[in-house]
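> Chains as they are written, first to last, in my numbering: chain A, 1 to 100; chain B, 1 to 210; chain C, 1 to 529.
A few of these clues could be false.
Chain C residues, not near chain A, derived (Cβ > 10 Å throughout) [what the hints assert, rightly or not]: (1) 176; (2) 229; (3) 444.
List of simulated lysine to aspartate or glutamate pairs, DMTMM-like, C-alpha gap at most 25 Å [as the list claims (entries may be wrong)]: (4) C/505 - C/70; (5) C/505 - C/175; (6) A/87 - C/172; (7) C/505 - C/71; (8) C/505 - C/435; (9) A/87 - C/175.
Only part of the chain B face toward chain A is listed, based on derived beta-carbon distances under 8 Å [as the list claims (entries may be wrong)]: (10) 50; (11) 104; (12) 170.
Don't read these hints as lab results, they were simulated from the structure. Quick caveat, the model's predicted, so the values are computed rather than measured. Backbone N, C-alpha and C define an ideal beta-carbon position, used for all residues, glycine too.
In case you want the letters, here they are:
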Amino acid sequence: MANLHGYLLLGAMLFGLGLVGFLARRNLIVIFLSAELMLQGVVLNLVGFGRFHRDLDGQAFAGFILVIAAVEAGLGLALAVLLLRRKGTPDVEAWRALRG
Amino acid sequence: MRHALRWIVMAGVWSALAGTAWGAEAPVPPAESSSTILEAIAFYAMAAVALLSGLAILVSRNLVRNVVCLLAALGAVAGLYFLLAANLLGAIQLIVYAGGTLVLITFGVMLTSRPGSDRQLVRGWERIAGGVVCVTLFIGLCMVLLCTEWATVAASAEPTTVAAVGRALLTDYLVPFELASVLLLVMLIGAAYLVRRDGESGAEDDADRC
Amino acid sequence: MTELTTEFWFPPAGQLGWFAPELALIATIVAVVAVPIILGRRARLSACVALLGVVAALLLTGDVGRRVAEEAAAGLAPPGAPPMLIADNFAVFFKAFLLLFLTLVTVLWLFGLTGRRPALARRFAAHSVEFFVLLLGSALGMMVMVSTLNLLMIILAIELASLPSYALAGYDKRDPAGAEASLKYVLFGAVTAAITLYGVSLLYGAFGTLDIPTIAAAMAGGGAGVGAALGLLGLCVGIGFKISAVPFHFWCPDVFEGATIEVATWLSVASKAAGLGLLLRVVTAMGSLDDALAITVGIVATATCTLANFAAYRQQNVKRILAYSSIAHAGYMLMAAAVFVPAASEAEPNLAASALLLYLLTYLFMNFGVFAATACVEWETGSSALSNFIGLGRRAPWLAVPMAVCLLSLVGLPPLGGFLAKWWLLVALGSGAAEHDRLWGLVLVLVLNTLFSLYYYLRIIYMMFLRTEWSRPAPLAPHVGGLVLVNACAVVLLLFGTLGARAVKLLADEYAVHLYAAPLARAAAALVP
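Whenever a hint applies, use it, and build me the whole structure from the sequences.
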């Protein structure tokens with residue numbers, strides 16, 4: 001089943017696992033790991049489609065997504081370190097002063 | 001902790017080296033071979049590794065284990081890129097992602113890990129209800145993916161994708177390429193600003209902690 | 001391998017000239033980083049360099065606008081491919097709009113250096129370079145957002161607009177509220193970005209291209225499957241996040257409350273304007289989808305303004321009230337998009353587009369006025385809690401009166417610009433309702449919501465003028481520059497509503513005409529030498 005549908009299903013599963021992890025975990029680092037997993041699902045989709053469309057758009061787009069993912073990871077880590085310095089925990093639930 | 005770090009850095013370096021070697025040397029699989037047994041086995045093996053690692057990230061409470069699992073998942077997905085004849089992308093994934101970003105994340109883990117900070121957000125009936133909703137949505141998505149008629153093109157002779165993608169990046173995709181460079185510059189400065197401890201107020205920063 | 005060097009494409013200067021404002025902004029980013037290396041790190045210096053660059057970009061936009069008026073439209077595209085960037089009337093309007101607002105925000109930041117208490121001001125001054133690099137970066141992203149129809153460019157532009165905003169929200173690192181705002185913004189942004197990307201990957205899969213007009217043509221030809229619809233939905237999630245339309249608005253109040261006032265001001269207008277510009281572009285290109293898309297946009301608009309207006313009732317912080325107010329106004333402007341969809345193909349000045357542009361222009365001034373007034377209070381008292389506004393009418397009449405004018409304009413009361421904006425929106429909705437009865441629902445929603453919103457805007461005015469405290473609060477000495485800005489905004493709003501009403505309408509009409517009369521086919525034709 002190594003055809004297009006196989007890659008699409010795998011991409012959807014990776015995306016779904018990442019999404020669930022993103023929503024269910026409270027550790028900031030794990031949340032960003034899950035975001036990376038989601039983006040891997042997207043990239044797999046794009047490369048799969050690109051292969052079966054026989055053009056380069058998919059691969060080029062995927063390259064740009066890797067850039068975006070790296071930037072996001074960098075920002076997320078910077079933020080994690082900043083937050084940790086303030087409250088001493090990477091737990092996102094510790095931050096709930098703003099509400100109303 | 002230090003051993004784990006060293007181990008992961010080594011793993012990143014080695015997988016990067018192996019990936020570049022493979023990416024440069026790997027023959028492009030002929031397009032008609034998409035149903036060969038070998039390719040199917042490779043696909044299933046790497047898909048299984050990716051999925052199991054993804055699942056492990058979701059359930060494991062150990063941060064270092066999470067990162068290593070992500071490394072495995074990234075490696076497996078990179079293998080799938082090679083399988084899809086996206087050699088350049090596979091190599092980039094191994095070098096930049098597994099070798100670079102993941103090491104960065106490892107540093108983040110080492111800097112931020114504290115005991116007792118990795119509980120699950122949802123509990124009890126919320127978990128069951130959330131699970132039901134997720135599974136339903138996921139099945140719906142899979143139905144859509146399987147039922148849609150994706151516009152696929154008949155197989156033909158494949159160009160060497162590394163050169164072709166490289167050329168595309170500097171012709172068709174020159175504008176987004178430059179825009180991405182601006183994004184990287186801006187966010188480099190932004191992220192550096194966020195983590196930097198201000199010289200004069202470093203002591204106060206520590207005092208501010210709750 | 002040898003052909004690599006021969007096929008390198010460098011955009012010709014003629015094509016690049018259309019995008020001089022963007023290039024000027026990039027040059028400004030570099031200058032903001034480079035100048036302090038030579039002349040030393042001084043806050044005013046960075047602000048002045050940024051201001052200079054932004055004004056230069058604004059002037060260049062005027063020049064491009066003149067050329068666009070003569071030659072219709074142009075694009076930046078590799079040979080034989082659809083354009084990556086588009087320069088047309090629509091893009092010129094939004095670029096000028098964003099740059100004008102960027103100028104105002106920069107001036108506000110400059111005033112904040114002297115307006116704030118010294119200790120706080122020093123902290124802000126120390127990181128001026130980072131602030132302006134991030135601010136200019138997000139401005140560049142928003143400018144690209146409104147001038148492209150390529151999915152890859154859209155994604156990159158949304159990211160370039162969002163990622164610096166996440167860092168800006170946490171700009172004051174010593175303030176825990178800022179850190180929390182940044183955290184919530186980045187978490188919400190990361191998940192919407194991933195969903196958007198997934199949707200875009202499905203769109204690419206369904207049509208094999210990243211060019212939206214090509215996709216729209218394929219969709220019109222009956223190629224729209226469930227997968228493509230899902231992809232389009234994903235793209236709309238990303239745009240909705242930028243506009244803060246209702247299911248994706250949760251970040252907005254928290255970020256506005258936690259971020260510094262200058263950043264909140266910037267996000268309140270620029271992020272929504274760029275999102276609306278992108279939405280209108282996509283909707284124009286997808287004109288064939290009419291009904292389903294129009295109804296969805298209408299429902300989202302209704303939910304957005306209604307929920308925001310009700311949520312604003314129980315807020316105790318002026319920045320939070322203004323956040324909900326800005327969400328509600330985003331809902332009103334989305335209504336224009338909902339009318340606009342069915343009439344996409346018409347060549348004459350589009351009532352809805354003109355109404356939207358006019359609304360945005362007025363919204364810029366009324367929102368900036370209120371935020372600048374709040375900034376003056378926050379600089380003096382240290383917080384923007386509603387209780388700090390008690391008795392402001394006596395403590396600082398030159399601040400309270402223009403702020404009240406801006407608030408009344410946000411409500412939409414007659415002699416002010418806000419009334420005119422709502423009036424033309426109603427006219428557009430009414431004329432659309434002549435064809436589609438369902439649009440009467442939106443007319444009703446708009447009128448009812450204006451009534452609902454009266455309460456919380458008047459609550460601030462009541463606090464400022466009528467509420468008497470038993471302990472008499474000290475008089476306030478607001479920053480002079482801030483006072484000038486707020487009063488100028490109030491005067492502009494008065495002009496918009498009275499003498500200048502006709503001129504503003506004509507301006508909006510002018511930019512609404514060429515927008516659809518110059519479709520992308522012509523833009524594509526213009527680039528073939």
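> Hint by hint, say whether it matches the structure.
Going down the list of hints, with the structure as the test:
Against the 10 Å criterion, residue 176 of chain C falls within the reach of chain A, whose nearest CB is about 6 Å from its own CB. Chain A leaves residue 229 of chain C outside its interface by the beta-carbon criterion, the shortest separation being 16 Å against a cut-off of 10 Å. The beta carbon of residue 444 of chain C sits about 29 Å from the closest Cβ of chain A, which is more than 10 Å, so the claim that it is off the interface holds. The suggested pairing of residue 505 of chain C with residue 70 of chain C holds, with an alpha-carbon distance near 21 Å, which does not exceed 25 Å.
In summary, the hint linking residue 505 of chain C to residue 175 of chain C is not supported, as the alpha carbons are separated by about 43 Å, beyond the 25 Å threshold. A distance of roughly 16 Å separates the Cα atoms of residue 87 of chain A and residue 172 of chain C; the hinted pair therefore holds under the 25 Å criterion. The suggested pairing of residue 505 of chain C with residue 71 of chain C holds, with an alpha-carbon distance near 23 Å, which does not exceed 25 Å. Annotation: proposed proximity of residue 505 of chain C to residue 435 of chain C holds, straight-line Cα distance about 24 Å (limit 25 Å).
The hinted pair formed by residue 87 of chain A and residue 175 of chain C meets the criterion: a straight-line CA distance of about 12 Å does not exceed 25 Å. Interface restraint check: residue 50 of chain B against chain A, minimum CB-CB distance 6 Å, threshold 8 Å, status holds. With 8 Å as the threshold, the beta carbon of residue 104 of chain B comes within range of chain A, its nearest partner Cβ sitting at about 6 Å, so the hint holds. Interface hint status for residue 170 of chain B: violated, as the beta-carbon distance to the closest one in chain A is roughly 11 Å, over 8 Å.
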